[in-house]
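Sequence order for the protein chains is X and H. All residue numbers for the first sequence refer to my numbering, where the first residue is 5 and numbers rise by one. All residue numbers for the second sequence refer to my numbering, where the first residue is 3 and numbers rise by one.
What the hints contain is simulated information worked out from the structure, not anything from laboratory work. Built from N, CA and C at the ideal position, the CB exists for glycine as well. Hints may be right or wrong, so weigh each one.
In silico DSS-like links for lysine-lysine, alpha-carbon gap of 30 Å or less [stated by the list, open to error]: (1) H/LYS133 x H/LYS95; (2) H/LYS111 x H/LYS171; (3) X/LYS217 x H/LYS95; (4) H/LYS95 x H/LYS111; (5) X/LYS217 x H/LYS133; (6) H/LYS133 x H/LYS181; (7) H/LYS181 x X/LYS217; (8) H/LYS181 x H/LYS171; (9) H/LYS95 x H/LYS171.
Ranges between beta-carbon positions, derived for each pair [to be verified]: (10) H/ASP136 x X/VAL125: 40 to 46 Å; (11) X/GLY150 x H/ASP136: 57 to 63 Å; (12) H/LYS171 x X/ALA297: 35 to 41 Å; (13) H/VAL63 x X/ALA107: 27 to 33 Å.
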Amino acid sequence: MSELFRRFGRPGGGSILATAALWALLLVVLPQLTMVELSFRPNLPAVARGGPEDVWTLANYTALWTNPLHRTIFWQTIWSSLLVTVLSLLVCYPVAYHLAQEARGDRALLLATALVIPFWVNEILRTFSWFLILSRNGLVNRVLLGLGLIEEPLALGGVGAVMIGMVYAYVLFMIFPLYNALESLDRNQIEAARDLGAPTWRIHWRIVIPHAKPGIAVGCVMTFMLAAGTFAVPQIMQSLPGGTNARWFTQIIYSYFFDGGDWNRGAAYAFALLALCLLFVAAMMRIFRVGLADIAK
Amino acid sequence: MRGAEVALEGVGLAYGSFWAVRGIDLDIRPGEFFSLLGPSGCGKTTILRLVSGFVEPSEGVIRIAGRDVRGVGPAARPTSLVFQNLALFPLMKVWENVAFGLEVRGVPKAERRRRAEELLELVALPGFADKRVDELSGGQRQRVAIARSLAVEPQVLLLDEPLSALDLKLRQHMRAELKAIQRRTGVTFVYITHDQGEALTMSDRVAVMSQGRIEQVGTPAEIYDAPATAFVASFVGESNPVPGRVRESGGGFVTLETALGPLRARDPRGLATGSPAILIVRPERCRLDGAGEADAVDNRVEGRIERVDFEGAFANLLVASPAGPGLVVQLANDGRLAGLAAGAPVTVRFPPEAALALPEGPLARE
Ligand SMILES: Nc1ncnc2c1ncn2[C@@H]1O[C@H](COP(=O)(O)OP(=O)(O)O)[C@@H](O)[C@H]1O
Ligand SMILES: [Mg+2]
Numbered sequence: 005m006s007e008l009f010r011r012f013g014r015p016g017g018g019s020i021l022a023t024a025a026l027w028a029l030l031l032v033v034l035p036q037l038t039m040v041e042l043s044f045r046p047n048l049p050a051v052a053r054g055g056p057e058d059v060w061t062l063a064n065y066t067a068l069w070t071n072p073l074h075r076t077i078f079w080q081t082i083w084s085s086l087l088v089t090v091l092s093l094l095v096c097y098p099v100a101y102h103l104a105q106e107a108r109g110d111r112a113l114l115l116a117t118a119l120v121i122p123f124w125v126n127e128i129l130r131t132f133s134w135f136l137i138l139s140r141n142g143l144v145n146r147v148l149l150g151l152g153l154i155e156e157p158l159a160l161g162g163v164g165a166v167m168i169g170m171v172y173a174y175v176l177f178m179i180f181p182l183y184n185a186l187e188s189l190d191r192n193q194i195e196a197a198r199d200l201g202a203p204t205w206r207i208h209w210r211i212v213i214p215h216a217k218p219g220i221a222v223g224c225v226m227t228f229m230l231a232a233g234t235f236a237v238p239q240i241m242q243s244l245p246g247g248t249n250a251r252w253f254t255q256i257i258y259s260y261f262f263d264g265g266d267w268n269r270g271a272a273y274a275f276a277l278l279a280l281c282l283l284f285v286a287a288m289m290r291i292f293r294v295g296l297a298d299i300a301k
Numbered sequence: 003m004r005g006a007e008v009a010l011e012g013v014g015l016a017y018g019s020f021w022a023v024r025g026i027d028l029d030i031r032p033g034e035f036f037s038l039l040g041p042s043g044c045g046k047t048t049i050l051r052l053v054s055g056f057v058e059p060s061e062g063v064i065r066i067a068g069r070d071v072r073g074v075g076p077a078a079r080p081t082s083l084v085f086q087n088l089a090l091f092p093l094m095k096v097w098e099n100v101a102f103g104l105e106v107r108g109v110p111k112a113e114r115r116r117r118a119e120e121l122l123e124l125v126a127l128p129g130f131a132d133k134r135v136d137e138l139s140g141g142q143r144q145r146v147a148i149a150r151s152l153a154v155e156p157q158v159l160l161l162d163e164p165l166s167a168l169d170l171k172l173r174q175h176m177r178a179e180l181k182a183i184q185r186r187t188g189v190t191f192v193y194i195t196h197d198q199g200e201a202l203t204m205s206d207r208v209a210v211m212s213q214g215r216i217e218q219v220g221t222p223a224e225i226y227d228a229p230a231t232a233f234v235a236s237f238v239g240e241s242n243p244v245p246g247r248v249r250e251s252g253g254g255f256v257t258l259e260t261a262l263g264p265l266r267a268r269d270p271r272g273l274a275t276g277s278p279a280i281l282i283v284r285p286e287r288c289r290l291d292g293a294g295e296a297d298a299v300d301n302r303v304e305g306r307i308e309r310v311d312f313e314g315a316f317a318n319l320l321v322a323s324p325a326g327p328g329l330v331v332q333l334a335n336d337g338r339l340a341g342l343a344a345g346a347p348v349t350v351r352f353p354p355e356a357a358l359a360l361p362e363g364p365l366a367r368e
């Protein structure tokens, strides 16, 4: 901040700051405030707005608890996102560890490139590739049919398919924070533990994981937020045979905004999801005993 | 605790086509304080990693307590390694660090704590059990690392330049401390250092290494007084190397033709007449003419004092000679240094017994 004033002088620095503040106000704060305001008002036809029925209300929020279908989907979304997070962690930890501590030179480079290349493709296409693998005539069904293990193609859609799609879609958001944390671990500590007789699991439990805690927390928070807030992945994976039951809470929000025309309810649902996500962040920080500063790193 | 013997027979380790060490033969006795001394990059750490089991030799056999340890991992060897950077576990308390090896072995917590406190006592850190690692000074961390290694009751403790990160004063204190710990425990210490002073003061025996090979193994006195190669002579202690050629030999002495004229020296290696050789004489064995009784057989070199480096207890004189390399002469501060000033012509004198003729070979770079 003072650096800014030093370089551009008081008027220059001041106008830069003012522009940034205006930018944030117009593009971030005001729309969000509008949404907050909307969420506390009933959804009325245009003529009734400003009339006697237009009062502050919690009805949009309570609807989430009184509507059993919405409530179920809400919890299912949270639960599935948690599973996606755990699954990602289980898949990514060994890969990140290998990449950070064991792979050497060309092999490490090759592995890192292989991990990153799919991420040059956009999320929708990445998800679509899994859609193809799991589809009626996809790789999985063909292999199973070819091996004679099944007679008929399986309907592979469902919550599981959505979760696989997500784990794949967000793998890097878990791997990179983990890699960053693991990479900074002094290899000698691992060797010292081994020299003192520790088996591999204990080295991880006592040395590696405690060291990687901030990275694990960041990876989990990012993956969870992305999973809970995604729209594209469930939308695509639902078109698999047997996939219709896998509804995501974001789809309900979407339909209130764009199909139902009830922005008030949509906004309230969106904030409910946001609140739960923030709760999750707070919980992760508590569990892993890391501060905001560690996560920002 | 009891120390075990460690034997290396023709051990070599290749990284690709590069031999980090090769043809290593060592016989380290039980309970010995044994040092590996050599310049950085000569393969000292490699030998420790071979003995501790982190790498297997490409050739040769390693025996610990008489047992061939090929295929036995670091966890199963009766050795414990103190890493060059200590590698303490920063997220554990001091006592948890020390007791880590016991935790691994399933020792109950109360017992672990008791043992950790005992070991901290042994390394002169009583009352430090509940401190965090980052609250400790360099010397204290050093001791925690040693306690952690001793906790698993190794028969051989391997130490990789453990004092190199400490300042001079602490280093000297820790030398005595380490030696005392070794005596108290009776464990075989294999100690790595590139500091010859450290190796000479602490060790029962020293192996001097250069470029992946062992140049000489011996007691500190043997290494210093009877270096086997020009490298050892120039690496350990100060020395004046004078290259030359053997003119005549016999009776355990040779006369070398050098740029400083003919010089006589002891000939432990039996050099052939006409072969190239290096004469080595320690600065403290040189005298200035007239400073004692003259002896007819003494070597004499004419020169001029170029510089006087006053060190307090003694002074180093650099004597330049027009014909060849300069000689460093170390004189005790016996009250007669005052008359010596740069530019004065002097004659450097040393008896043939004080000089050593060795086959020509690479010298240690300063
Ligand atoms: N993993 C490795 N791969 C290739 N070369 C290595 C490796 N480790 C050590 N070296 C080489 O082996 C030689 C000896 O290394 P080291 O034993 O660490 O020396 P010191 O401990 O005496 O300084 C050095 O030239 C070093 O570059
Ligand atoms: Mg080393």
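Cross-check of the supplied hints:
no.: 1; hint: H/LYS133 x H/LYS95; verdict: holds (6 Å)
no.: 2; hint: H/LYS111 x H/LYS171; verdict: violated (37 Å)
no.: 3; hint: X/LYS217 x H/LYS95; verdict: holds (18 Å)
no.: 4; hint: H/LYS95 x H/LYS111; verdict: holds (14 Å)
no.: 5; hint: X/LYS217 x H/LYS133; verdict: holds (22 Å)
no.: 6; hint: H/LYS133 x H/LYS181; verdict: holds (26 Å)
no.: 7; hint: H/LYS181 x X/LYS217; verdict: violated (40 Å)
no.: 8; hint: H/LYS181 x H/LYS171; verdict: holds (16 Å)
no.: 9; hint: H/LYS95 x H/LYS171; verdict: holds (27 Å)
no.: 10; hint: H/ASP136 x X/VAL125: 40 to 46 Å; verdict: holds (44 Å)
no.: 11; hint: X/GLY150 x H/ASP136: 57 to 63 Å; verdict: holds (59 Å)
no.: 12; hint: H/LYS171 x X/ALA297: 35 to 41 Å; verdict: holds (37 Å)
no.: 13; hint: H/VAL63 x X/ALA107: 27 to 33 Å; verdict: holds (32 Å)
In summary, the structure is inconsistent with hints 2 and 7 from the numbered list given earlier, while agreeing with the others.
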